[in-house]
Amino acid sequence: MKLSMQMLKKSSLIPSDLTDTLLLVGSGWDDYSFKTSFTVMHFGPDAKKTELGTTKIGYKDQQHGWTSEKFSTKNISLSDEFFSLGQDVDFYRKLQGGLSADAALAVLQALKDVIADPERLEDVKNEQVFRESLMRNVSWSVIRDQFKRVLAGKPELTSFHFSYQTNGDEQRAGVDVSFKVTPHSLPSTNVHVLIGRNGVGKTTILNDMVETILSDTTGRPHCGKFLIHDSLGSEPMPTDYFSSVVSVSFSAFDPFLFPADQPDRSKGVAYFYVGMQSPVEGPGKRPPKTTEALTEDFITSLESCFSQESKRQRWVAAIKRLESDSNFEDMDLAHLNELPTDEAIVKAHRIFSRMSSGHSIVLLTLTKLVEAVEEKTLVLMDEPESHLHPPLLSAFTRAISDLLQDRNGVAIIATHSPVVVQEAPGSCVWKLTRLRAEGRADRPERETFGENAGVLTREIFGLEVNKSGYHEVLQEAVNRGGTFESILADYQEQLGFEAQAILRKMVASRRES
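full-length UniProt numbering numbers the first residue of the sequence shown as 1 and each following residue consecutively.
Keep in mind that a hint or two might mislead.
What the hints assert, rightly or not - Derived CB-CB ranges, DEER-like: (1) Ser-353 - Phe-497: 42 to 50 Å; (2) Gly-28 - Glu-296: 25 to 33 Å; (3) His-184 - Pro-288: 35 to 43 Å; (4) Lys-60 - Thr-290: 53 to 61 Å; (5) Glu-485 - His-184: 51 to 59 Å; (6) Leu-105 - Ser-33: 55 to 63 Å; (7) Ser-324 - Tyr-470: 40 to 48 Å; (8) Val-473 - Glu-447: 28 to 36 Å; (9) Pro-287 - Gly-450: 36 to 44 Å; (10) Ile-228 - Gly-450: 15 to 23 Å.
Calculated directly from the structure, the hints in this document are not laboratory data. Ideal Cβ placement from N, Cα and C applies to all residues, glycine included.
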């Protein structure tokens, strides 16, 4: 099949009468001084346009700069020194499902695509431009388990079944928790929850998970192990089971020093940290980031998201989830998608600088996740409720679930909020308890998805609820001999319906004893 290839510098200049043409629209996105990114459009014999998405094109021995400067004319024919790599699974899904077999093959051959040509991939995998630019957002596990399978028309690998185990020591309790993700399940199973009172070790477990997964690249000690499970049994988790790990923690008091970001996916598992700690190298406590530094994190991440159409659309989808919160709705952040990128970034900076701390942390976190999360990413999030009111926390959890379903990822959230538990089925929730150095993890006795928050609080915290807060002061009044009527009068009838029901039960229990 004959296919011509052309390049334009701006998408606003696209002709409307192209046929049998592959059109490359250049992008100014900079990967460590390499500029290799192109939006790809295919025009069939009837001028039907198919937007394939983003690919990156490099060539052998490429130095920093624009790949397009190597093109001699507007009409392009790539020689064998060139190679390209699509930037997400949608690129290959659209090729495989949106074009005829002949047309898809013609596109792949014209682009010198390495997924369609394993020998070319082997030949160029150590090129600097391939490692630093083409693989900046793509890992080897995604190339092997996603891109190749999708291009071959095979089903995507989307199920997960793994566990984390540690025997503990004098400072921490042992734990054995498993996580299973079933594709297309309702409710979704890609967000898992560790819940328990303060001090049971939720944060410690997440931090140990980070150390365990990254131990091969950081060399830091760890005390746990991951296993994977299937119908044949269990075995140690391969080092590339997850393509990347993202830690999210905005605690100002977490003494754990998170590893430095490791964005180079060609070196193994990538790692990204979203939170308050400054990226200072060397030992010792890291100072918290300033407001200006957090703003810079957001803007840099948003620019990255807006550099690829697929990420841009995922960002908009996440923002629309948050618009159940009236403040987010009033900000109309989704409108940024309709503006030229430069104008959108300027406006986003202005909006972000006026946000409350809670709203800004939500927006920063979601934007960083859209930027970093790819297929087979593990997100470890510590107590997101610290900065959010319940409705926004619920919307935030749902937005994360949507993103991870889209990207085939998994999240483990440590929390003491029943609002987070409401968004996950009981099969995805672990109740953590601890007595001195002895810890245990149990599934809830009742279903949790959509359950009443008060019911979940009692299910999770049990007797601790009855020994604290208004339960305690009402019990003290009953122990002093007060009747229902006298205690209600003492409180000037300012007891809610639940408090009145609990008080009646307490008085009745005293009479029976």
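Each hint, compared with the structure:
no. : hint                          : in the structure
1   : Ser-353 - Phe-497: 42 to 50 Å : 43 Å, holds
2   : Gly-28 - Glu-296: 25 to 33 Å  : 19 Å, violated
3   : His-184 - Pro-288: 35 to 43 Å : 41 Å, holds
4   : Lys-60 - Thr-290: 53 to 61 Å  : 43 Å, violated
5   : Glu-485 - His-184: 51 to 59 Å : 56 Å, holds
6   : Leu-105 - Ser-33: 55 to 63 Å  : 33 Å, violated
7   : Ser-324 - Tyr-470: 40 to 48 Å : 30 Å, violated
8   : Val-473 - Glu-447: 28 to 36 Å : 32 Å, holds
9   : Pro-287 - Gly-450: 36 to 44 Å : 42 Å, holds
10  : Ile-228 - Gly-450: 15 to 23 Å : 30 Å, violated
Going down the numbered hints, you'll see the structure goes against 2, 4, 6, 7 and 10, while the others check out.
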